[in-house]
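Here the protein sequences line up with chains A and B, keeping their order.
Per this note's numbering, the first sequence starts with residue 7, numbered consecutively.
Per this note's numbering, the second sequence starts with residue 1293, numbered consecutively.
What the hints contain is simulated information worked out from the structure, not anything from laboratory work.
Remember, it's a predicted structure, so these values are computed and weren't measured experimentally.
One thing to keep in mind: the hints can contain errors.
Stated by the list, open to error - Below are the BS3-like pairs computed for lysine-lysine, each with C-alpha atoms no more than 27 Å apart in a straight line:
#, chain 1, residue 1, chain 2, residue 2
1, A, Lys68, B, Lys1366
2, B, Lys1389, B, Lys1341
3, B, Lys1366, B, Lys1350
4, B, Lys1366, A, Lys99
5, B, Lys1318, B, Lys1350
6, A, Lys99, B, Lys1341
7, A, Lys68, A, Lys94
8, A, Lys22, A, Lys94
9, A, Lys68, A, Lys78
10, A, Lys94, A, Lys78
11, A, Lys67, B, Lys1366
12, A, Lys99, A, Lys22
13, B, Lys1389, B, Lys1350
14, A, Lys67, A, Lys78
15, A, Lys99, A, Lys68
16, B, Lys1366, A, Lys78
17, B, Lys1341, B, Lys1318
18, A, Lys67, B, Lys1341
19, A, Lys99, A, Lys67
20, B, Lys1366, B, Lys1341
21, B, Lys1341, A, Lys68
As the list claims (entries may be wrong) - To list a few chain B residues with every Cβ distance to chain A over 12 Å, as calculated:
#, residue
22, Pro1294
23, Asp1310
24, Thr1311
25, Gly1347
26, Asp1348
27, Leu1383
28, Thr1385
29, Glu1386
30, Lys1389
31, Val1390
32, Gln1391
Glycine included, every Cβ here is placed at the ideal spot set by N, Cα and C.
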Amino acid sequence: MSEPWEDDELDGPVRKFMYVNRRAPYGTIYALESLEVVLIAAAFEQDVSLVFMDDGVYQIKKGQNTEAIGVKNFSPTYRALEGYDVEKLYVEKESLESRGLTADDLVVPVQVVDRNQLAELMEEQEVILSF
Amino acid sequence: MPMLHTVNKSPFERRTLDTALRHAVKGSGVLLIEDAVYAAFEGTVVAEKVRAALGDLKIYVLGPDIAARGMSEKQVIDGLEVVDYGGFVDLVTEYDKVQSWL
Chain A
7 MSEPWEDDEL DGPVRKFMYV NRRAPYGTIY ALESLEVVLI AAAFEQDVSL
57 VFMDDGVYQI KKGQNTEAIG VKNFSPTYRA LEGYDVEKLY VEKESLESRG
107 LTADDLVVPV QVVDRNQLAE LMEEQEVILS F
Chain B
1293 MPMLHTVNKS PFERRTLDTA LRHAVKGSGV LLIEDAVYAA FEGTVVAEKV
1343 RAALGDLKIY VLGPDIAARG MSEKQVIDGL EVVDYGGFVD LVTEYDKVQS
1393 WL
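Whole structure, please, built from the sequences with the hints as guidance.
Okay, here's the thing in structure tokens:
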């Protein structure tokens, strides 16, 4: 008997999943763990949105070079998300501004939204996971 | 030399840097490592606080942690000194003791 996740015909409900990333990369494991879970949800063809706010905006900062700290640079993986149909990437405007960053500093194209717009997007979701 | 204070938490998420700066006496050193390196750049909401602390303290920032995070040494606040791992070791030996604010 095949497992449910092996069934090509599986036609389960598609839910709106939002992943809220609020931590900087490398200092803690949260950013990497979130990315792993996002890829899992994408494999199940769910309706996935990613949010980068607070220190989470640093996860997608351009130019990361981890050679000297001996840790894997996982920032290129965010550019691969498009291939998994994960295309709704939102970045909170206020978080960028307080860190002196702009959308040009980021490795992927994103939608910059303000705090109120983000709150509305959160209201539209069925499942929200915060990292 | 007095004490070297190391700080490793983001100044946007935790109060560790504030606490370290408040408890560092004149002439002390503060070394920003790991996520604390985000405190070292111009254009952020914490830059003014760091700049103000330079009057009494020497502030260092670890270069490899800057590079890992895709931040630029060119954006480091004037007066801060970027050090590498060898420089980190030198600081530990130059100062009398080290306090790690975790």
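Now the hints, each set against the structure:
Under the criterion of a C-alpha separation no larger than 27 Å, the hint pairing Lys68/A with Lys1366/B is consistent with the structure, at around 15 Å. Straight-line distance between C-alpha atoms of Lys1389/B and Lys1341/B comes to about 24 Å, which keeps the hinted pair within the 27 Å bound. Between Lys1366/B and Lys1350/B, the direct Cα distance comes to roughly 19 Å. Compliance with the 27 Å bound is thereby established for this hinted pair. Note on Lys1366/B and Lys99/A: the hinted pairing holds, with a Cα-Cα distance of about 24 Å set against a maximum of 27 Å.
Proximity of Lys1318/B to Lys1350/B is assessed by CA-CA distance (about 9 Å); at most 27 Å being required, the pair is judged to hold. Distance check on the hinted pair: Lys99/A and Lys1341/B sit about 22 Å apart at the alpha-carbon level, within 27 Å; holds. Of the supplied pair hints, the one linking Lys68/A and Lys94/A holds, its CA atoms being roughly 19 Å apart against a limit of 27 Å. The suggested pairing of Lys22/A with Lys94/A holds, with an alpha-carbon distance near 11 Å, which does not exceed 27 Å.
Restraint check for Lys68/A and Lys78/A: satisfied, since their Cα atoms lie roughly 15 Å apart, inside the 27 Å limit. Note on Lys94/A and Lys78/A: the hinted pairing holds, with a Cα-Cα distance of about 25 Å set against a maximum of 27 Å. Of the pairs offered as hints, the one joining Lys67/A and Lys1366/B holds, with about 16 Å between alpha carbons and a cut-off of 27 Å not exceeded. A hinted pair counts as satisfied when its Cα atoms are at most 27 Å apart, and Lys99/A with Lys22/A qualifies at roughly 22 Å.
As the CA atoms of Lys1389/B and Lys1350/B are separated by approximately 15 Å, the hinted pair is consistent with the 27 Å bound. Taking the CA atoms of Lys67/A and Lys78/A, the gap is about 15 Å. The hint holds against a cut of 27 Å. Under the criterion of a C-alpha separation no larger than 27 Å, the hint pairing Lys99/A with Lys68/A is consistent with the structure, at around 17 Å. Taking the CA atoms of Lys1366/B and Lys78/A, the gap is about 24 Å. The hint holds against a cut of 27 Å.
Between Lys1341/B and Lys1318/B the alpha-carbon distance is near 16 Å, which keeps this suggested pair within the 27 Å criterion. For a cut-off of 27 Å, the pair hint linking Lys67/A to Lys1341/B stands: about 23 Å separates their Cα positions. Pair hint Lys99/A plus Lys67/A holds up; C-alpha atoms about 14 Å apart against a cutoff of 27 Å. Of the supplied pair hints, the one linking Lys1366/B and Lys1341/B holds, its CA atoms being roughly 19 Å apart against a limit of 27 Å.
A C-alpha spacing of about 26 Å is found between Lys1341/B and Lys68/A, which places the hinted pair at or below 27 Å, so the restraint holds. Every CB of chain A is more than 12 Å from the CB of Pro1294/B (nearest about 27 Å), matching its label as outside the interface. Asp1310/B, annotated as away from the interface, keeps every beta carbon of chain A farther than 12 Å; the closest lies near 16 Å. Even its closest Cβ contact with chain A, about 17 Å, leaves Thr1311/B beyond 12 Å, as expected for a residue assigned away from the interface.
A cut-off of 12 Å between C-beta atoms confirms that Gly1347/B is not in contact with chain A; the least separation is 22 Å. The Cβ of Asp1348/B lies farther than 12 Å from every Cβ of chain A, with a closest approach of about 25 Å, so its non-interface assignment holds. With a minimum CB-CB distance of about 17 Å to chain A, Leu1383/B clears the 12 Å threshold, and the non-interface call stands. The claim that Thr1385/B is not at the interface with chain A holds, since no C-beta of that chain comes within 12 Å of its own (minimum 21 Å).
Every CB of chain A lies more than 12 Å from the CB of Glu1386/B, the least distance being 22 Å, so the non-interface label holds. Here Lys1389/B stays apart from chain A, with its beta-carbon at least about 24 Å from theirs, past the 12 Å limit. At roughly 19 Å, the least C-beta separation between Val1390/B and chain A is larger than 12 Å, which holds for a residue marked as non-interface. No beta-carbon of chain A is positioned within 12 Å of the beta-carbon of Gln1391/B; the least distance is around 19 Å.
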